[in-house]
Amino acid sequence: MSIKKVIISGGGTGGHIFPAIAIANRIKKEYPEAEILFIGAEGRMEMTRVPAAGYKIVGLWISGFQRRITAKNLSLPFKVLASLMKARKIIKNFNPDVVIGVGGYASAPTLKIASMLNIPTIIQEQNSYPGKTNKFLSKKATKICVAYTGLEEFFPAHKIEITGNPVRAEVVQIEGLKDKGIAHFKLDPNKQTVLVVGGSLGAKTLNESFVDKIKLLQENNVQLIWQSGSYQYDEMLARTKDLDMTGIVLTKFINEMEMAYAVADIIISRAGAIAISELCIIGKPIVLVPSPHVAEDHQTKNAMALVKDNAAILIKDVEAREKLVPRLLELINNPEEQKELATNIQKKAIANADERIVNVIKSILA
Numbered sequence: 001m002s003i004k005k006v007i008i009s010g011g012g013t014g015g016h017i018f019p020a021i022a023i024a025n026r027i028k029k030e031y032p033e034a035e036i037l038f039i040g041a042e043g044r045m046e047m048t049r050v051p052a053a054g055y056k057i058v059g060l061w062i063s064g065f066q067r068r069i070t071a072k073n074l075s076l077p078f079k080v081l082a083s084l085m086k087a088r089k090i091i092k093n094f095n096p097d098v099v100i101g102v103g104g105y106a107s108a109p110t111l112k113i114a115s116m117l118n119i120p121t122i123i124q125e126q127n128s129y130p131g132k133t134n135k136f137l138s139k140k141a142t143k144i145c146v147a148y149t150g151l152e153e154f155f156p157a158h159k160i161e162i163t164g165n166p167v168r169a170e171v172v173q174i175e176g177l178k179d180k181g182i183a184h185f186k187l188d189p190n191k192q193t194v195l196v197v198g199g200s201l202g203a204k205t206l207n208e209s210f211v212d213k214i215k216l217l218q219e220n221n222v223q224l225i226w227q228s229g230s231y232q233y234d235e236m237l238a239r240t241k242d243l244d245m246t247g248i249v250l251t252k253f254i255n256e257m258e259m260a261y262a263v264a265d266i267i268i269s270r271a272g273a274i275a276i277s278e279l280c281i282i283g284k285p286i287v288l289v290p291s292p293h294v295a296e297d298h299q300t301k302n303a304m305a306l307v308k309d310n311a312a313i314l315i316k317d318v319e320a321r322e323k324l325v326p327r328l329l330e331l332i333n334n335p336e337e338q339k340e341l342a343t344n345i346q347k348k349a350i351a352n353a354d355e356r357i358v359n360v361i362k363s364i365l366a
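When the letters of the sequence shown are read in order and numbered with the UniProt record's numbering, they come out as residues 1 to 366.
Hints were generated in silico from the structure; no laboratory data involved.
Don't take each hint at face value.
Restraint ranges, calculated between C-beta atoms of paired labels, are given here [as the list claims (entries may be wrong)]:
# : residue 1 : residue 2 : range
1 : ALA53     : GLY150    : 30 to 36 Å
2 : HIS293    : GLY43     : 16 to 22 Å
3 : LYS5      : ASN334    : 51 to 57 Å
4 : THR246    : GLU330    : 22 to 28 Å
5 : ASN334    : ALA183    : 24 to 30 Å
6 : ALA169    : GLU336    : 27 to 33 Å
7 : GLU330    : ASP297    : 25 to 31 Å
8 : ALA157    : ASP234    : 49 to 55 Å
9 : ALA157    : VAL318    : 33 to 39 Å
Below, simulated DSS-like cross-link-like pairs (lysine-lysine); rule was C-alpha separation at most 30 Å, straight line [unchecked claim]:
#  : residue 1 : residue 2
10 : LYS4      : LYS92
11 : LYS347    : LYS284
12 : LYS5      : LYS159
13 : LYS159    : LYS347
14 : LYS252    : LYS180
15 : LYS4      : LYS28
16 : LYS362    : LYS29
17 : LYS132    : LYS86
18 : LYS215    : LYS316
19 : LYS204    : LYS178
20 : LYS347    : LYS178
21 : LYS186    : LYS204
22 : LYS316    : LYS191
23 : LYS213    : LYS178
24 : LYS4      : LYS89
25 : LYS89     : LYS56
26 : LYS347    : LYS316
27 : LYS135    : LYS316
28 : LYS204    : LYS215
29 : LYS132    : LYS5
30 : LYS347    : LYS29
31 : LYS140    : LYS86
32 : LYS301    : LYS204
33 : LYS159    : LYS139
34 : LYS347    : LYS301
35 : LYS213    : LYS186
36 : LYS28     : LYS140
37 : LYS86     : LYS159
None of the values given here were measured: they were computed from a predicted structure.
Even for Gly, the Cβ is constructed at its ideal location relative to N, Cα and C.
Could you put the whole structure together from the sequences, leaning on the hints where they help?
Right under this line is the structure:
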């Protein structure tokens, strides 16, 4: 049976949107005639990112529950009711073969209605520890595509399919790019290079862990590709303007991430699910500093799934300013530890997650 009509719902962050678009692209690759409709949340980034990728999206009036006391929560019951009604209308009109939820505010009402209409539903859970919404939706879901083992604790075991997280194919294809990357970033090929990346907005902790350690890194023959993110770029520029920045590439955002990955000997990152999935495929030694500002501490749990198998080093956010660079220099001077970390993380790589998820769709439509 071919795939004719699919609804993909969710968004809010790149960690939900990247997989959603990757799944859509894979469906279109195998079934060019397939119709794909996205359902997002009004005002969230999917409402611009999805059309930019070439897909149609409709928005629901929905937001999350605020954990602090706020008037915004008073409108939530009305938003939920309005979203359920609109989702029902969209789904009945579009009549999809399957509905896929990738996480984010819009996925809950969409998958809830699809299940009530007896349309097959798939949850794509990116994290090693699922949120409350996906635990709730899993009771009625047809299949649950996951990236980590051990989720039987949260989901019905017979519904789980280990597929991995779909990633941006263009940034993990690094074969043969090292020399080009060294030239692009104007680096010394005889020195070890560290890539620090805290997401497009940046990570304050990572920035402040490095800004006062430039001289120390240079004294240890370490080069740095440092994506500060948009929030703190001007501040980091100001704090380093009187320093010798030889071998330090400070940038707001790295457009050529595949080249940065190719030249890096060690990568320092937050621990978002999609970032980790990319890093497993890249296969370099990594140091993870999980963000403490994520619901249900997802990032620490994602990181620990690697740390327990000696596939990554974890530094707590609260300790990073003091401990991150010293631990990095230990790793720089320990090629055996670098090799072991790289070997172990490569074992966790799943490069064809988009294909695996489409195969799950095929299996439930067969």
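We went through each hint and held it up to the structure:
no. : hint                        : result
1   : ALA53 / GLY150: 30 to 36 Å  : 32 Å, holds
2   : HIS293 / GLY43: 16 to 22 Å  : 20 Å, holds
3   : LYS5 / ASN334: 51 to 57 Å   : 53 Å, holds
4   : THR246 / GLU330: 22 to 28 Å : 23 Å, holds
5   : ASN334 / ALA183: 24 to 30 Å : 28 Å, holds
6   : ALA169 / GLU336: 27 to 33 Å : 32 Å, holds
7   : GLU330 / ASP297: 25 to 31 Å : 26 Å, holds
8   : ALA157 / ASP234: 49 to 55 Å : 50 Å, holds
9   : ALA157 / VAL318: 33 to 39 Å : 36 Å, holds
10  : LYS4 / LYS92                : 15 Å, holds
11  : LYS347 / LYS284             : 12 Å, holds
12  : LYS5 / LYS159               : 22 Å, holds
13  : LYS159 / LYS347             : 24 Å, holds
14  : LYS252 / LYS180             : 21 Å, holds
15  : LYS4 / LYS28                : 10 Å, holds
16  : LYS362 / LYS29              : 14 Å, holds
17  : LYS132 / LYS86              : 23 Å, holds
18  : LYS215 / LYS316             : 24 Å, holds
19  : LYS204 / LYS178             : 28 Å, holds
20  : LYS347 / LYS178             : 22 Å, holds
21  : LYS186 / LYS204             : 26 Å, holds
22  : LYS316 / LYS191             : 27 Å, holds
23  : LYS213 / LYS178             : 26 Å, holds
24  : LYS4 / LYS89                : 19 Å, holds
25  : LYS89 / LYS56               : 16 Å, holds
26  : LYS347 / LYS316             : 24 Å, holds
27  : LYS135 / LYS316             : 27 Å, holds
28  : LYS204 / LYS215             : 20 Å, holds
29  : LYS132 / LYS5               : 28 Å, holds
30  : LYS347 / LYS29              : 27 Å, holds
31  : LYS140 / LYS86              : 20 Å, holds
32  : LYS301 / LYS204             : 21 Å, holds
33  : LYS159 / LYS139             : 10 Å, holds
34  : LYS347 / LYS301             : 19 Å, holds
35  : LYS213 / LYS186             : 20 Å, holds
36  : LYS28 / LYS140              : 27 Å, holds
37  : LYS86 / LYS159              : 28 Å, holds
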